[in-house]
Amino acid sequence: MSVKENYNKLGKILVKKLRDENYSNYIENINNAKSITREEYYKTPRNPNYDKEFQKIEDERFDFFCSLNDKQKEQLDKLILKMLDEVAFNILREIEEGHIMEDSISLTYNGKNIDEVYNEFLSGTFFGEYFLWIESFSKYGKFQY
Amino acid sequence: MKNIYKKLLLILLLQFTLNMFGQEDGDVEQQVEQDEFITVANGDFGDILTSTNVSSCGCEVPDFTFAWGSSSALNMAFANDQFLKRAKERALNTWYDRQKNEIVKPAIESKLGKQFANFEEAKNALFEFSELKNTEVNSISPKSKYATLRSSGFGKQRSDLKKLKLLKHRENEILIGRINNSSYGDRKVDGTYLKDIKDLATLRNKWTPLANEFAKNTASTHASNYIYQKISSLGQGFTSETLRLKNNFYNKFDHWDKLNFMQFLINYEELKKLSRPPYAFNPVLAKFINSDMATSSLIEDYAIKNRGGGNSIFDSNHWTTLMKDTLDDLLDNTSIGTSLEADFMTVYFNVLDVNQRIWMDENQNKVKGMHAVTFAHIMSRGQAFAYFFYNEYLKPDIELGGRIVGLIDELKIYDYHQKQWLYKNTTEATNLIQFVNDNKVGGNLSAEAKVFVKQTIALESILSNQFEIKKTGKIPSELSSCCPDYVYSENDLIIQEYGIEPIQAAVDGVFNVLVSSASVIGSEEWMGRNIRRVMTQIGLTVPVDIDNKYLAALYKIRKRDGLIIVEYRTGMLKSMLDFGLSTFDIFAFLSLSKGGGPVLAAKIGGRITVTNITAHLRKISIDNTKITNLVNSLKNKAKFDLLGTGEFKNVRGHHPLAKSAFRSDKFYDLKKAFSISIKRLDEIKVGIHAKITGQQNSLYSAFSKKGEVLTLDKMAKIEIQAMVNAGVPKDIATGWVIKSLEDLKIQGVKIITHIPWNGVN
Numbered sequence: 001m002s003v004k005e006n007y008n009k010l011g012k013i014l015v016k017k018l019r020d021e022n023y024s025n026y027i028e029n030i031n032n033a034k035s036i037t038r039e040e041y042y043k044t045p046r047n048p049n050y051d052k053e054f055q056k057i058e059d060e061r062f063d064f065f066c067s068l069n070d071k072q073k074e075q076l077d078k079l080i081l082k083m084l085d086e087v088a089f090n091i092l093r094e095i096e097e098g099h100i101m102e103d104s105i106s107l108t109y110n111g112k113n114i115d116e117v118y119n120e121f122l123s124g125t126f127f128g129e130y131f132l133w134i135e136s137f138s139k140y141g142k143f144q145y
Numbered sequence: 001m002k003n004i005y006k007k008l009l010l011i012l013l014l015q016f017t018l019n020m021f022g023q024e025d026g027d028v029e030q031q032v033e034q035d036e037f038i039t040v041a042n043g044d045f046g047d048i049l050t051s052t053n054v055s056s057c058g059c060e061v062p063d064f065t066f067a068w069g070s071s072s073a074l075n076m077a078f079a080n081d082q083f084l085k086r087a088k089e090r091a092l093n094t095w096y097d098r099q100k101n102e103i104v105k106p107a108i109e110s111k112l113g114k115q116f117a118n119f120e121e122a123k124n125a126l127f128e129f130s131e132l133k134n135t136e137v138n139s140i141s142p143k144s145k146y147a148t149l150r151s152s153g154f155g156k157q158r159s160d161l162k163k164l165k166l167l168k169h170r171e172n173e174i175l176i177g178r179i180n181n182s183s184y185g186d187r188k189v190d191g192t193y194l195k196d197i198k199d200l201a202t203l204r205n206k207w208t209p210l211a212n213e214f215a216k217n218t219a220s221t222h223a224s225n226y227i228y229q230k231i232s233s234l235g236q237g238f239t240s241e242t243l244r245l246k247n248n249f250y251n252k253f254d255h256w257d258k259l260n261f262m263q264f265l266i267n268y269e270e271l272k273k274l275s276r277p278p279y280a281f282n283p284v285l286a287k288f289i290n291s292d293m294a295t296s297s298l299i300e301d302y303a304i305k306n307r308g309g310g311n312s313i314f315d316s317n318h319w320t321t322l323m324k325d326t327l328d329d330l331l332d333n334t335s336i337g338t339s340l341e342a343d344f345m346t347v348y349f350n351v352l353d354v355n356q357r358i359w360m361d362e363n364q365n366k367v368k369g370m371h372a373v374t375f376a377h378i379m380s381r382g383q384a385f386a387y388f389f390y391n392e393y394l395k396p397d398i399e400l401g402g403r404i405v406g407l408i409d410e411l412k413i414y415d416y417h418q419k420q421w422l423y424k425n426t427t428e429a430t431n432l433i434q435f436v437n438d439n440k441v442g443g444n445l446s447a448e449a450k451v452f453v454k455q456t457i458a459l460e461s462i463l464s465n466q467f468e469i470k471k472t473g474k475i476p477s478e479l480s481s482c483c484p485d486y487v488y489s490e491n492d493l494i495i496q497e498y499g500i501e502p503i504q505a506a507v508d509g510v511f512n513v514l515v516s517s518a519s520v521i522g523s524e525e526w527m528g529r530n531i532r533r534v535m536t537q538i539g540l541t542v543p544v545d546i547d548n549k550y551l552a553a554l555y556k557i558r559k560r561d562g563l564i565i566v567e568y569r570t571g572m573l574k575s576m577l578d579f580g581l582s583t584f585d586i587f588a589f590l591s592l593s594k595g596g597g598p599v600l601a602a603k604i605g606g607r608i609t610v611t612n613i614t615a616h617l618r619k620i621s622i623d624n625t626k627i628t629n630l631v632n633s634l635k636n637k638a639k640f641d642l643l644g645t646g647e648f649k650n651v652r653g654h655h656p657l658a659k660s661a662f663r664s665d666k667f668y669d670l671k672k673a674f675s676i677s678i679k680r681l682d683e684i685k686v687g688i689h690a691k692i693t694g695q696q697n698s699l700y701s702a703f704s705k706k707g708e709v710l711t712l713d714k715m716a717k718i719e720i721q722a723m724v725n726a727g728v729p730k731d732i733a734t735g736w737v738i739k740s741l742e743d744l745k746i747q748g749v750k751i752i753t754h755i756p757w758n759g760v761n
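The listed protein sequences correspond, in order, to chains P and W. Residue 1 is where the first sequence starts when you use the numbering used here, and the numbers rise one by one after that. Residue 1 is where the second sequence starts when you use the numbering used here, and the numbers rise one by one after that.
Pulled out of the complex, with its shape left as it was, chain P reads as follows (with noise of 0.2 Å):
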């Protein structure tokens, strides 16, 4: 695999599991309680091993997903995203700083140092590229600010 296949490759598991994934759960969850009424959800069956405070956690968030209204739920939704995107920031510029500096976490690709992939980074950081991997890779936009 080349090195551009492989700095690719990178950015995709990191805008996947940083932001995508994360943010698609949340979307699902809230579009299913928008997609149906309240006394429909209280009406399809209940598994009777479920935990119940975890029952208990999901009936009040359908609760208050139902009691959004458009605009409240748009805010909601780029507050969302914006937490992802600040956690990912966050992270990957303690990554980028532990790899200058040799003195925090790193990350490895492949088994393999990292440096080859890091190379290829136009803006020179991880945190300044997760700009350029979300616009490249992510569904959801641009960075949420």
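Any given hint might turn out to be false.
[Unchecked claim] Beyond 10 Å from chain P on every Cβ pair, some chain W residues (computed):
{"hint": "1", "residue": "D196"}
{"hint": "2", "residue": "L330"}
{"hint": "3", "residue": "L463"}
{"hint": "4", "residue": "G687"}
[Claimed, not checked] With a Cα cut of at most 25 Å, we get these calculated BS3-like pairs of lysine-lysine:
{"hint": "5", "chain 1": "W", "residue 1": "K666", "chain 2": "P", "residue 2": "K142"}
{"hint": "6", "chain 1": "W", "residue 1": "K685", "chain 2": "P", "residue 2": "K16"}
{"hint": "7", "chain 1": "P", "residue 1": "K82", "chain 2": "W", "residue 2": "K635"}
{"hint": "8", "chain 1": "W", "residue 1": "K450", "chain 2": "W", "residue 2": "K556"}
{"hint": "9", "chain 1": "W", "residue 1": "K635", "chain 2": "W", "residue 2": "K672"}
{"hint": "10", "chain 1": "P", "residue 1": "K4", "chain 2": "P", "residue 2": "K73"}
{"hint": "11", "chain 1": "W", "residue 1": "K85", "chain 2": "W", "residue 2": "K216"}
{"hint": "12", "chain 1": "W", "residue 1": "K730", "chain 2": "W", "residue 2": "K685"}
{"hint": "13", "chain 1": "W", "residue 1": "K549", "chain 2": "P", "residue 2": "K4"}
{"hint": "14", "chain 1": "W", "residue 1": "K111", "chain 2": "W", "residue 2": "K100"}
{"hint": "15", "chain 1": "W", "residue 1": "K556", "chain 2": "P", "residue 2": "K142"}
{"hint": "16", "chain 1": "W", "residue 1": "K685", "chain 2": "P", "residue 2": "K78"}
{"hint": "17", "chain 1": "W", "residue 1": "K685", "chain 2": "P", "residue 2": "K82"}
{"hint": "18", "chain 1": "W", "residue 1": "K168", "chain 2": "P", "residue 2": "K82"}
{"hint": "19", "chain 1": "P", "residue 1": "K142", "chain 2": "W", "residue 2": "K111"}
{"hint": "20", "chain 1": "P", "residue 1": "K4", "chain 2": "W", "residue 2": "K705"}
{"hint": "21", "chain 1": "W", "residue 1": "K100", "chain 2": "W", "residue 2": "K272"}
{"hint": "22", "chain 1": "P", "residue 1": "K142", "chain 2": "P", "residue 2": "K71"}
{"hint": "23", "chain 1": "P", "residue 1": "K78", "chain 2": "W", "residue 2": "K691"}
{"hint": "24", "chain 1": "W", "residue 1": "K666", "chain 2": "P", "residue 2": "K4"}
{"hint": "25", "chain 1": "P", "residue 1": "K142", "chain 2": "P", "residue 2": "K56"}
[Said to hold, decoys possible] Just the calculated beta-carbon pair ranges, DEER-fashion:
{"hint": "26", "chain 1": "W", "residue 1": "I469", "chain 2": "P", "residue 2": "I13", "range": "34 to 40 Å"}
{"hint": "27", "chain 1": "W", "residue 1": "K639", "chain 2": "P", "residue 2": "I91", "range": "31 to 37 Å"}
{"hint": "28", "chain 1": "W", "residue 1": "F584", "chain 2": "P", "residue 2": "F64", "range": "33 to 39 Å"}
{"hint": "29", "chain 1": "W", "residue 1": "G605", "chain 2": "P", "residue 2": "I105", "range": "42 to 48 Å"}
{"hint": "30", "chain 1": "P", "residue 1": "C66", "chain 2": "W", "residue 2": "D545", "range": "35 to 41 Å"}
{"hint": "31", "chain 1": "P", "residue 1": "K73", "chain 2": "W", "residue 2": "D545", "range": "27 to 33 Å"}
{"hint": "32", "chain 1": "P", "residue 1": "R38", "chain 2": "W", "residue 2": "D545", "range": "25 to 31 Å"}
{"hint": "33", "chain 1": "P", "residue 1": "I105", "chain 2": "W", "residue 2": "K639", "range": "33 to 39 Å"}
{"hint": "34", "chain 1": "W", "residue 1": "K745", "chain 2": "P", "residue 2": "K73", "range": "35 to 41 Å"}
{"hint": "35", "chain 1": "W", "residue 1": "Q721", "chain 2": "P", "residue 2": "I13", "range": "29 to 35 Å"}
{"hint": "36", "chain 1": "P", "residue 1": "Q75", "chain 2": "W", "residue 2": "R529", "range": "45 to 51 Å"}
{"hint": "37", "chain 1": "P", "residue 1": "E28", "chain 2": "W", "residue 2": "E490", "range": "52 to 58 Å"}
Please keep in mind that the hints were generated in silico from the structure rather than gathered at the bench. These numbers were taken from a predicted model, which means no experiment stands behind them. For each residue, glycine too, the CB sits at the ideal point set by N, CA and C.
Given the structure of chain P, go ahead and fit chain W onto it with the hints provided.
Frame of chain P; chain W shown alone:
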């Protein structure tokens, strides 16, 4: 007393050595007398008899001594001879028996590493050993003689057969009435063109003396061949014969000289181990001078008399039916060209073009394939289809082959590998033929174009064959009087002049002309392709998205110290090293995926050349004046809020001048570069760093789209704007950028190699 006599004995031995050659009998006798005089007084010189070579039996004559592995062996043999004479005079039979059984036999056993039941067995073993060694040495000369005779004989045999085959072929043509238009009319037999032999009488006049000469040579070569084989493996019979002769020689002596001969032979064989014939000899021992039996003449005579192979059919002095039949069989299996298949194709399809026939001769496997297909078609679908198939599919290849031979002939290419490359790479060969035709004026190829084509073929051939990677160990010519930064380039394979040394052939002396000839046919693509091939072979990874013409613009191929190297075109190296750039950095500039290549070309004036690139490098360079001027223009708008700032290694966080802008600059150290801690940034607004980074991405990308060169002042402007847009007060942002600029000056950074987030600058 003892020491005095020991010294006298040593002086005597030394004198024997000095007089070893060219002594007259009188001198020898005098020496013997002196020796006698010294040792005769046995009663007085009892001390000598206790030395190591003196018998412990109480006798007064010393034992034989042998010089193992020593060049003084002949002196030892002489000294032993003197001891024996003394013993013989006094009839010391006990001494004799002791020498024979307790000195000579053990000496033979020691020399041969083997025990023997009695003296006779030991003696024969020594004789056999001696003669095997003689055979080994003395068979070299006759073996070489007969190797030459049989080799030249076989060569002449082949040559004569080809001539006879041509005459036979011509005979058939005359018999069927094909007097003119002979298939091989251009071939000569003993000075006469085949086309000029038009009747059978003329043909016979050529045939008869040639056939006689062939017979005579074949018979003598037959004998030489078998004599050679016999000399190469003389066998046990020869060993027995030499043993017999040696015993005859031995048995001529009385029993005292037989013993003398044995001590002589042991020492003589030691001498022979250390020298080559003719061996040194002491005249006193002249009676043993002809003791070597396996001489060169004996070996040759023995091989002649005992060779295998019997008589050659051609031994007879007159032609017989058997000779004629044998010659016919030989001619049936003799080809006019290099194979019978090529002969068949030539005659069957009437290939008259000389170059096409040469191509068939030099491309045996292809012709054999053509022959097999033709033969199969004749057998299965008839002659008409075979002709159709030939004209449609085989003839074009043979005609192209003929044109390639024509090119080889015109360019005077003699190198086997170069010819093979042309034969194998017909597309490239066709292009070169076209090039040659296009560059002819009045039917003549220009000298420049000729050199270019020849060197093209030479390079292609070298790259297609075996070679070694070496380096010249020299400094590139351009750097001979400059550039102390050269030391940074120790891992740069181009600057270190790594190159290719062909194993089979040398690089032609005019190879460098190739460089200047590139413009002859506008062959940038060819040049770039081969620059890439050489670079790859020496171990450089050349990105695939670098266009060959860009490589050709900046590099050239040349010969230096017998190596084919790639070097920078004049002007590039000084500029590169001035800015601390390496070949990999230049690759980045040329690589499309890194934002270089066509984008760079457009930015620097539409064409990548050394001049444009070096001018561009000057444009994106940084120096103290540029930094000072920029700082002066900004400082009135700045506020130096430096709490939580410092070197990156201490405070981490944000580089106010994006570090990727200087990624290929050797002097930039991002760990020491000015930075602002995250804590300080968060004091302005939590999470602001991500916003600043996003703004950098947006602003640099927008700038890059304009196709401009990123200079220091434009970079400072973008960086201040990125921070301001994220919420940093402008005066503080300006102060941080100024601190970063001053840091660049301290570090000695020289160039903005990249536009952050957007590839090379």
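Do the hints match the structure? See the list:
no. : hint                        : verdict
1   : D196                        : holds, 68 Å
2   : L330                        : holds, 62 Å
3   : L463                        : holds, 24 Å
4   : G687                        : violated, 6 Å
5   : W:K666 x P:K142             : violated, 34 Å
6   : W:K685 x P:K16              : violated, 28 Å
7   : P:K82 x W:K635              : violated, 36 Å
8   : W:K450 x W:K556             : holds, 19 Å
9   : W:K635 x W:K672             : holds, 22 Å
10  : P:K4 x P:K73                : violated, 39 Å
11  : W:K85 x W:K216              : violated, 59 Å
12  : W:K730 x W:K685             : holds, 14 Å
13  : W:K549 x P:K4               : holds, 23 Å
14  : W:K111 x W:K100             : holds, 15 Å
15  : W:K556 x P:K142             : violated, 45 Å
16  : W:K685 x P:K78              : holds, 19 Å
17  : W:K685 x P:K82              : holds, 15 Å
18  : W:K168 x P:K82              : violated, 97 Å
19  : P:K142 x W:K111             : violated, 95 Å
20  : P:K4 x W:K705               : holds, 22 Å
21  : W:K100 x W:K272             : holds, 23 Å
22  : P:K142 x P:K71              : holds, 20 Å
23  : P:K78 x W:K691              : holds, 15 Å
24  : W:K666 x P:K4               : holds, 24 Å
25  : P:K142 x P:K56              : violated, 35 Å
26  : W:I469 x P:I13: 34 to 40 Å  : holds, 38 Å
27  : W:K639 x P:I91: 31 to 37 Å  : holds, 33 Å
28  : W:F584 x P:F64: 33 to 39 Å  : violated, 56 Å
29  : W:G605 x P:I105: 42 to 48 Å : holds, 46 Å
30  : P:C66 x W:D545: 35 to 41 Å  : violated, 53 Å
31  : P:K73 x W:D545: 27 to 33 Å  : violated, 45 Å
32  : P:R38 x W:D545: 25 to 31 Å  : violated, 58 Å
33  : P:I105 x W:K639: 33 to 39 Å : holds, 35 Å
34  : W:K745 x P:K73: 35 to 41 Å  : violated, 53 Å
35  : W:Q721 x P:I13: 29 to 35 Å  : holds, 33 Å
36  : P:Q75 x W:R529: 45 to 51 Å  : violated, 58 Å
37  : P:E28 x W:E490: 52 to 58 Å  : holds, 57 Å
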